[in-house]
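Peer 1: Could you put together the complete structure from these sequences and hints?
Position one of the sequence shown corresponds to residue 1013 (this note's numbering), numbered consecutively onward.
Hints were generated in silico from the structure; no laboratory data involved.
On a predicted model such as this, the values are computed, not experimentally measured, just so you know.
Heads up, some of the hints might be wrong.
[Unchecked claim] Below are the SDA-like pairs computed for lysine to any residue, each with C-alpha atoms no more than 20 Å apart in a straight line:
hint	residue 1	residue 2
1	K1115	I1061
2	K1042	H1123
3	K1115	A1037
4	K1024	V1071
5	K1021	A1096
6	K1021	G1064
7	K1122	V1088
8	K1122	G1084
9	K1115	I1028
10	K1075	R1027
11	K1075	I1141
12	K1024	L1105
13	K1122	F1156
14	K1023	L1124
15	K1023	G1064
16	K1030	V1137
17	K1023	I1036
18	K1024	L1065
19	K1021	F1156
20	K1115	P1079
21	K1075	E1118
22	K1023	A1035
23	K1018	E1072
24	K1122	M1076
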Amino acid sequence: MSNIKKVAKIKKLRRISKVLDNAIAIPGTKLRFGLDPILGLLPGGGDTITGGLSAYIVVEAAKMGLPREIIGQMIVNILIDSFAGTIPVLGDLFDFGWKSNVKNIELLEKHLDLGEPEKSNPLLVFGLILLLTMIVLGFAALTFFSVRFFWNLISQ
1013 MSNIKKVAKI KKLRRISKVL DNAIAIPGTK LRFGLDPILG LLPGGGDTIT
1063 GGLSAYIVVE AAKMGLPREI IGQMIVNILI DSFAGTIPVL GDLFDFGWKS
1113 NVKNIELLEK HLDLGEPEKS NPLLVFGLIL LLTMIVLGFA ALTFFSVRFF
1163 WNLISQ
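Peer 2: This is the structure we're talking about:
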């Protein structure tokens, strides 16, 4: 991938990260948040959407040739965000502080500043897409069944 394409791709990923984690400033403070905690209020669907966008950032980073260790750190950031998001209300509050997408963009930029990235492994990228899809859908299912369970308890 040429440097011009890399720069354009990083700018695009940075914009996605900003929309998810830092798009909205709280007036009179230095605090910012994005769509991640807002969409997280939608049971099941919100966390699935933001998880998919977070996974997209990681897949694109893998295509740029980031080492497996960095990709692993990025996945852990998403897992922490997704797991916390399954906890009603507290998970949404957690999303205000834990900005997994910002952390992942920082990891991406830090690595790319070190030099020329390795050639991406198509099998690794495919496996990563499969893994991240299972994680996002798994957390969506967990949220769905949790909401359904609690709804059944209330409605009896």
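Peer 1: Taking the earlier hints as the rules, which of them does this structure contradict?
Peer 2: Hint check: 2, 5, 12, 13, 16 and 19 fail, others pass.
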